[in-house]
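2 protein chains.
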Amino acid sequence: MSVFQVTILGTSAAIPTNSRRPSSQVVTINDRHLLVDCGEGTQMEMLRRKIRYSRLDAMFISHLHGDHVLGIAGLLTTLSLYERNFPLKLFAPAGLKEILDVTFSHTQSYLGYELEFYPLEAFEPGDTIYETGNYEVKLLPLEHRIFCRGFLFQETNKRPRFDFYKAKALEIPNNYFRLLKLGNVITLDDGRVISPAEVLSDPDSVMSYAYCSDTRYSEPLVEFIRGAQVLYHEATFLNNLASRAAETYHSTTGQAASIAKQAGVKKLYIGHYSARYLDLEPMLEEAQQVFPDTELAKEGLMIDLRKIPV
Amino acid sequence: MSVFQVTILGTSAAIPTNSRRPSSQVVTINDRHLLVDCGEGTQMEMLRRKIRYSRLDAMFISHLHGDHVLGIAGLLTTLSLYERNFPLKLFAPAGLKEILDVTFSHTQSYLGYELEFYPLEAFEPGDTIYETGNYEVKLLPLEHRIFCRGFLFQETNKRPRFDFYKAKALEIPNNYFRLLKLGNVITLDDGRVISPAEVLSDPDSVMSYAYCSDTRYSEPLVEFIRGAQVLYHEATFLNNLASRAAETYHSTTGQAASIAKQAGVKKLYIGHYSARYLDLEPMLEEAQQVFPDTELAKEGLMIDLRKIPV
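Residue numbers (our numbering), protein chains in the order written: chain Y, 1 to 310; chain F, 1 to 310.
Simulated from the structure, these hints should not be mistaken for laboratory data.
One thing to keep in mind: the hints can contain errors.
[What the hints assert, rightly or not] Below, a list of computed lysine-lysine pairs in the DSS-like style, where the Cα atoms sit at most 25 Å apart:
hint, chain 1, residue 1, chain 2, residue 2
1, F, 50, F, 298
2, Y, 97, F, 97
3, Y, 50, F, 298
4, Y, 298, F, 50
Bear in mind the structure is a predicted one, so any value in this text is a computation, not a measurement.
Work out the full structure, taking the sequences as your base and the hints as a guide.
Below, the structure is given as structure tokens:
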């Protein structure tokens, strides 16, 4: 892939602050955008971060709490005002359809493009809910006060690589390389028969991004994101508010880091911070005590997955 | 009044731009706020402009197009999260009730305070829809593609002022001033009888603010805002797009200025600019050719009505 990037648009929990916007992120794969959650103001944040509306292919809404979804009617309307004329896929809890229908009816908004609505309730965690030739999106189980799912974006169709050094070690002349790469079994002048498997390495590990917000600490999640390259996991509270986290079905910094550690991901980003925290450094420190490769998600941050080990 | 101020939160038409937000304004009277329209992102703009949520008494929604109303569910929820426990008045087209009911049902949002909903359809243009001891709000007729009303905010109960110079000219001794101010007829030592009316000036003209967005050019509006101190009138297009303005039930800069001139207001602010205009100076120039006391509404502008002639 030439581009696999995540742009953070919003990291606030329910109440936005002066520096933090409601939840929204953009996963960019090659030249197309996928929107993940759509809190109020997302269309303006897309403008600010130079995310072109015309390159948006699909939207994924984790759950229907307002801070994850209230920007959607405005964004869908704006796409129409910009004369979008090709379909948009929307993966979301079923209730969103009624919110949009009633809102568009009273606001007299008519979308000039097809909105393909896929209710998340129709899928099971682990299911592939969307795929192209390059990547797939799988559903993740989250545990929140309301029906809620995460999303795993990962490359597909990685092919084994031709291993030049193996070929050299076998003393295969260069003029056979092309035939082997194309999958042919060859017979060398010295009578040896070489199959392609002998000169191919294992396929590269795939780049992958797991989005997990909102959820309480949930060990069943671990198996679904094992070995993921990058994990975004909510961390609404510091560890000393673990009881508040449990009550509200949110996670603490330590819990987010524990999930990252158990799953063996390469890098963790935390976000969805409670408005009570102005300084986020203590959150980072707590998480890094459990999982050192943690960073803070922040508005405008761009995560280039090609620069992170897989 | 110690404060009569308007804070502009958003001046964009349907499509927001990088520098312009959807429609919303705050009318501040003494230490209380009234919100006028509530486009997407209004709660964040209130934060940015230091408009305290706790001082919000009432909201006035002109019409249900998304750019004037899509911020309301988020703001109402945030007020609840901040533990508001006193009523909020909401004056809006009736359909907003169903949008909110369906949205709050699916987002599982429960307001911890009373939302007093007043459908605008229950009133006629010219009706006083809200009043306190200090000011009143009257309904204005606007002509848009969808049911739409403007709002006139104006002082009430102005009392006549005691005119010190008139009293001095009549050679009334100072010790009678208080009795006259209290409305008593007095008899001076020289036998003259003085009534209060002889030493009172006409009451001050009242400060007033008329909000008119969205509307096509509408002469019937003029009588409802005659003599208003400050008029905000939408000017979505330059004059050369008058036909586009007519089609979409919007106004041009020249039309907004013409309404201001006919109504004899003291000052005009234009706003609700189409996203096609990056530079607004040509809009200002066109309006000023018809009505010189025009200014551009801009995000963050504060209009202090006490500093403008009444």
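*When the hints from earlier in the document are held up against this structure, which numbers fail?*
none
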